[in-house]
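Residue numbers (my numbering), protein chains in the order written: chain A, 1 to 369; chain B, 1 to 259; chain C, 1 to 284.
It is worth saying that the hints were derived from the structure and are not from the lab.
By construction, the Cβ of each residue, glycine as well, lies at the ideal position given by its N, Cα and C atoms.
There could be a bad hint or two in this list.
[Stated by the list, open to error] Label pairs and their in silico Cβ distance ranges:
| id | chain 1 | residue 1 | chain 2 | residue 2 | range |
| --- | --- | --- | --- | --- | --- |
| 1 | B | 147 | C | 249 | 33 to 41 Å |
| 2 | A | 126 | C | 138 | 30 to 38 Å |
| 3 | C | 230 | A | 22 | 32 to 40 Å |
[To be verified] Just a sample of chain C residues kept apart from chain A, beta carbon distances all over 12 Å, derived:
| id | residue |
| --- | --- |
| 4 | 20 |
| 5 | 30 |
| 6 | 32 |
| 7 | 66 |
| 8 | 119 |
| 9 | 138 |
| 10 | 152 |
| 11 | 170 |
| 12 | 172 |
| 13 | 209 |
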Amino acid sequence: MYVAVKGGERAIANAHALLAKEGRGDPALSPLNPAAVAGQLGVLVARVMTEGSLYDPELAARAIVQAQGDVLEAVTLIRSYRTTLPRFGYTLPVDTARLPPQRRISATFKDLPGGQQLGATFDYTHRLFTDRDTAGPASAPDGGGPPDEGMPRVSDLLGASALIEPDQALDGDPEPGDLTREPAVFPMTRAERLQSLARGDEGFLLALGYSTQRGYGNNHPFAGEIRVGEVDVEIEIPELGYPVPVGRVELTECQMVNQFSGSADTPAQFTRGYGLAFGRSERKAMSMSLVDRSLRAGELGERAAAPAQDEEFVISHSDNVQATGFVEHLKLPHYVDFQAELGLVRRLNAEFRERAEGASGRHDGAEEA
Amino acid sequence: MTADLPLLEVRGAGHRYGARWGCRDIDLDLWPGEVLAVVGESGSGKSTLLGTLSQRLSLTEGTIRYSAAGGEILDLAKLRESEVRALWRSEWGFVHQDAADGLRMHVSAGGNVGEPLMATGWRHYGNIRATAAQWLERVEIPADRIDDPPVTFSGGMRQRLQIARNLVVSPRLVFMDEPTSGLDVSVQARLLDLVRSLVADLGLAVIIVTHDLAVARLISHRTLVMKDGNVVESGLTDRVLDDPQGPYTQLLVSSILQG
Amino acid sequence: MSTDLTGYNIAYLDEQTKRMLRRALLKAVAIPGFQVPFASREVPMPRGWGTGGVQVTAAIIGTGDTLKVIDQGADDTTNAVSIRQFFAAVAHASTTTRTSEATVIQTRHRIPETPLTEGQTIVYQVPMPEPLRFLEPRETETRRLHALADYGLMYVKLYEDIARYGHIAQTYSYPVMVAGRYLMSPSPIPSFDNPKMHQSPALQLFGAGREKRIYAIPPYTDVESLGFEDYPFEPQTFDDPCAICGSTGVYLDEVITDDKGGSMFVCSDTDHCEHAAGQAEVTR
């Protein structure tokens, strides 16, 4: 009996064993320790946490090791685990103005209250290979601590003189929807869009943000402020009646400041694009804020013709777990549909030949054109 | 062509874009079988008026009453979207200035003319195709082009195909927005001639927006002249064009004659 | 892969999520053919690999159920094996390959040859739930077309096929009208299987995880494959019987046997083939 389709179970077991062997590498070397990964590959861990939408550096490091460094596979692992967790409540909004930044820069003002702080950045490294052991001090340099006077956000500084749109939602501050719990339908609210973008693929948002700078929906951005640091997460416990801190998370926030010409009803004002990501994820936060701003074209009465301004297009394609799944599903068997198409193509070919023969039988006509 | 009720009765109609009125205080009656031209310079509000009357733009103030085929009088601003779509499917047509807005450019000519029939429940391929073929003939598109998509057609053919697609369901009222303005003069004349004979044969009511007074003269019974969102003059087309009363209309007519 | 499943709820999803899914399913059953948006969760397999079907199955499966999973008609294709093992592990479900013994059948791209009966539920994995998507890419617009039952566009596609090829050239995902109201994609089953949906005694549920839509056909519902009066829907047919069991009137896979153009046709439904072959054996 023909048994080519049999043996699926054994094939899968063998595949898993082989995968584990490939992932182990040279058995003479010690295996990767997730704690070391969390500490030494912090930027990668931040990306997996952000796109996996779960703040847990240890778990993200474990996912990276288990996924053998495949970022999207690690994100999928995190998401699949996250979805099984019970939900106890919603945290209060984090206050990034209170965040003592380890990095804070503004491209709009030379100096500002709280000052500029370069922090940990690749920006001015010379991109020369260095020997890790001698690359620099293991302990933090002096003077890196946050100043005491606080660091008001640049958007608040501009906001004080009404030169930038205010922070609050306009109509009655409605509760934001929760994309992971309620079905989202287009058109989305900005809150839902931001949730989607926060989980969105860094590479996709980077390319879209880049496209807006090259004229596909130009919106004249200035990096108003980028800050990185840890912030308290608080939750309101009904029995206690006051907020209780449940932990700290490291965040990167980007506020992009953009031109807006104003209209008959509104004076000229700066508008904003917003980006927020877990850990040190500056590229992601900047790209997100560019795309957030470009997706507001409709709301601000701008001409919307570029891909980055098209909400359905951007949001439908930004989730890399969905994108990679659907692209990769093409390797699943499609025998049945292919057989159906094969039958059709054969029939169409046969009909074409019949017609061609019939036509040449009558005359040399190119009747079918 | 006797009818005791106007097809369209418009009172105090206006559409506002933000703080600016696109058109306002419009009163008009359109009778069955009548062709009404709306003329004016660009920016005069004539296209806004057409959009408002056809429910493509919302009515900010005033009323528009439509006397439907079944006899009932519909207050258009109060209709649900599904009811408006039903009117589009069976009683109204819209001919766009750019044929690409009114056609599926990559669907065959037969499919373009057949779609309104299929949308109203036609389910016999042979009948759909035969009817589409009749209409192509009627708008002077060669029969052997029935399976070609409009991207392969000339500007004049596209416009004629758009007209066929609109008329195939025998509408009672057709809106036309500068249907000839993108065409060469000779092609324009042929198209206008076609429109005029179809309108007469089918007893259609038409509201046609044009900046070209010659178009108005050739096919309309009555003409409205618009300026700055208001109607500044209206009357029988020959009267308005030969004996304009208002200073603006006089200017408009004389500029054409000199040009 | 992981055998340590401590900390996971029965059938993987938490109870809140299952309730959300059941609400969506109830709505879907109440409005046959209508696509109900739902807050699709991640499940531990890639999007596009049956995450919608898995969520629907997880929401309805109970300890008394017997699960069958097929992909391309076969119980033993890798993805079917993987999903079956998943439910065996997380839902402690008993599993079967026999269509007649299953209470819940999750499928990708086929409906079993053995007719389904009352009390059975078939769960389809759906990649693209919107039958109009390739004609109109915008969700906002297709939703409006469904709301207004404005389906002229779908017939334009069929018209164009006939004009070009002389017959309708759609062989899978062949659009259907459900209960005379909603246009629906039957998922990429071959058009051969379409007639099995009409007036089926089984409950038919459809899950599209990536696209976040659930829809349903209740038992004994009219499901009409679109067509014209003079060019009616024609399911595919095969000239030869199955080379293994000799069945006719079943869907066949073509298997390439050599590199000289040789091939044979065998049942796509492995359960059917096995039993038909067994019976042929007995009668001999």
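(request) Go ahead and decide if the range 33 to 41 Å is satisfied by the Cβ distance of residue 147 of chain B to residue 249 of chain C. (result) holds, 36 Å
(request) May I ask you to check that residue 30 of chain C keeps its beta-carbon over 12 Å from the closest beta-carbon of chain A? (result) The claim holds: residue 30 of chain C sits with its nearest Cβ about 17 Å from chain A, beyond 12 Å.
(request) Find the nearest Cβ of chain A to the Cβ of residue 32 of chain C and say whether that gap is larger than 12 Å. (result) holds, 19 Å
(message) Minimum C-beta separation from residue 209 of chain C to chain A exceeding 12 Å: can you confirm that?
(response) violated, 9 Å
(request) Would you check whether the claim that residue 119 of chain C is not at the interface survives, using Cβ distances to chain A and the 12 Å cut-off? (result) The claim holds: residue 119 of chain C sits with its nearest Cβ about 26 Å from chain A, beyond 12 Å.
(request) Could you tell me whether the CB distance from residue 126 of chain A to residue 138 of chain C stays inside 30 to 38 Å? (result) violated, 48 Å
(message) Using Cβ atoms and 12 Å as the threshold, tell me whether residue 152 of chain C really stays out of contact range of chain A.
(response) Given that every Cβ of chain A is farther than 12 Å from that of residue 152 of chain C, nearest at about 23 Å, it holds.
(message) Does residue 20 of chain C clear chain A by more than 12 Å, comparing its Cβ with all Cβ atoms of that chain?
(response) violated, 8 Å
(message) Verify this label for me: residue 172 of chain C is non-interface relative to chain A, using a Cβ-Cβ cutoff of 12 Å.
(response) violated, 4 Å
(request) Hey, is residue 170 of chain C genuinely clear of chain A, shortest beta carbon separation above 12 Å? (result) Non-interface label on residue 170 of chain C violated, nearest chain A Cβ at 8 Å vs cutoff 12 Å.
(message) Does the beta carbon distance between residue 230 of chain C and residue 22 of chain A stay inside 32 to 40 Å, or does it fall outside?
(response) violated, 59 Å
(request) With 12 Å as the threshold, tell me whether residue 66 of chain C passes as away from chain A on beta-carbon distances. (result) Residue 66 of chain C clear of chain A: closest Cβ-Cβ about 18 Å, beyond 12 Å.
Against the hints set out earlier in the document, violations occur for numbers 2, 3, 4, 9, 11, 12, 13.
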